Amino acid sequence: MGSLQRLTEANDYRALLRQRPASDGCFRLVVRPNPFGYARLGLTVSRRTAARAVDRNRIKRLVRESFRAAQKRIAGNDVLVMARRQAVSTSNKTLRYSLEQHWKMLDNQ
Numbered sequence: 004m005g006s007l008q009r010l011t012e013a014n015d016y017r018a019l020l021r022q023r024p025a026s027d028g029c030f031r032l033v034v035r036p037n038p039f040g041y042a043r044l045g046l047t048v049s050r051r052t053a054a055r056a057v058d059r060n061r062i063k064r065l066v067r068e069s070f071r072a073a074q075k076r077i078a079g080n081d082v083l084v085m086a087r088r089q090a091v092s093t094s095n096k097t098l099r100y101s102l103e104q105h106w107k108m109l110d111n112q
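Final position of the sequence shown in the numbering used here is 112; the numbers increase by one with none missing.
Because the hints were derived from the structure by calculation, they are not lab data.
Since this is a predicted model, take the numbers as computed values, not measurements.
All clues stand as given, with none of them false.
Pairwise CB distance ranges (calculated): (1) Asp110 with Ala54: 26 to 36 Å; (2) Pro38 with Asn95: 30 to 40 Å; (3) Gly79 with Leu20: 11 to 21 Å; (4) Ala78 with Ala54: 32 to 42 Å; (5) Arg17 with Gly79: 12 to 22 Å; (6) Arg71 with Pro36: 18 to 28 Å.
Below, simulated DSS-like cross-link-like pairs (lysine-lysine); rule was C-alpha separation at most 30 Å, straight line: (7) Lys75 with Lys96; (8) Lys96 with Lys107; (9) Lys63 with Lys96; (10) Lys75 with Lys107; (11) Lys63 with Lys107; (12) Lys75 with Lys63.
Built from N, CA and C at the ideal position, the CB exists for glycine as well.
My request is simple: use the sequences and hints to build the entire structure.
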């Protein structure tokens, strides 16, 4: 994933955090339209959420993989994905399904 597809500025994160999140048991997603023609991803998996680095990395890898697949459908949006504690003990299949539901919701807007 290139640097253009990532949220890197603190101001971008601040603006996103002012928006209302959509959430389920595994993730909280915050979405905001951007002036670019492509989607950008911000991703947080805190130590408080997942104590072990292997769990944090697994969740981040799955989110990035899912984002890459959905990029064209959600173009023109900044997306911040925040993992919740339940994501650590949830299977990869369920995490992918959860993210797919969020992308579908964005696609329908």
